[in-house]
Amino acid sequence: ELPQHTVDFLLVTYQPGSTSSSAGGLMRHPGSEYGHLLAGSLVLTLGFEEMVLHPGDSICFDSTTPHSYRNDGGEPAVGVWFVIERGR
Numbered sequence: 430e431l432p433q434h435t436v437d438f439l440l441v442t443y444q445p446g447s448t449s450s451s452a453g454g455l456m457r458h459p460g461s462e463y464g465h466l467l468a469g470s471l472v473l474t475l476g477f478e479e480m481v482l483h484p485g486d487s488i489c490f491d492s493t494t495p496h497s498y499r500n501d502g503g504e505p506a507v508g509v510w511f512v513i514e515r516g517r
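Numbers in my numbering are just positions in the sequence shown, counted from 1, shifted up by 429.
Treat the hints as calculated values from the structure; they're not laboratory data.
Ideal placement from N, C-alpha and C gives every residue a C-beta, glycine not left out.
Worth double-checking, as some hints may not be accurate.
What the hints assert, rightly or not - Quick list of simulated restraints, FRET-style, between CB atoms:
1. Pro459 <-> Gly503: 30 to 36 Å
2. Val481 <-> Ala452: 28 to 34 Å
3. Gly485 <-> Ser451: 17 to 23 Å
4. Trp510 <-> Ser451: 17 to 23 Å
5. Phe477 <-> Asp501: 17 to 23 Å
6. Ser451 <-> Glu479: 17 to 23 Å
Produce the complete structure using the sequences and hints provided.
Given below as structure tokens:
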């Protein structure tokens with residue numbers, strides 16, 4: 430039997446200049462987030478920190494921590510993401 434989790438398995442693409450939030454704010458949701466960047470670069474804001482992800486970089490964090498992504502580069506940023514929501 431599988432654990433009681435909701436899992437979103439995503440191929441994400443952020444075009445140059447795009448962000449994960451149309452309002453430009455940080456988001457938070459229950460669970461955990463795992464990502465692996467395949468191409469381009471992506472700026473992750475996680476709490477009060479900013480970090481730049483490059484191809485081959487992976488991240489994981491508790492997604493109740495306020496976070497957002499943005500592409501400041503000149504090419505699309507493409508990655509594979511798992512967003513796991515804990516059982517209810």
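To see whether the hints hold, each was checked on the structure:
Checking the proposed 30 to 36 Å range against Pro459 and Gly503 shows it holds: the Cβ atoms sit about 35 Å from each other. For the pair Val481 and Ala452, the supplied restraint of 28 to 34 Å is violated, since their beta-carbon distance comes to about 22 Å. Taken as a hint, the range 17 to 23 Å is violated for the pair Gly485 and Ser451, whose Cβ atoms sit roughly 29 Å apart. Judged by the Cβ atoms, the range 17 to 23 Å given for Trp510 and Ser451 holds: they are separated by roughly 18 Å.
In this structure the supplied range 17 to 23 Å holds for Phe477 paired with Asp501, their Cβ-Cβ distance being about 18 Å. At about 19 Å, the beta-carbon gap between Ser451 and Glu479 stays in the expected band of 17 to 23 Å.
In summary, the numbered hints that this structure violates are 2, 3.
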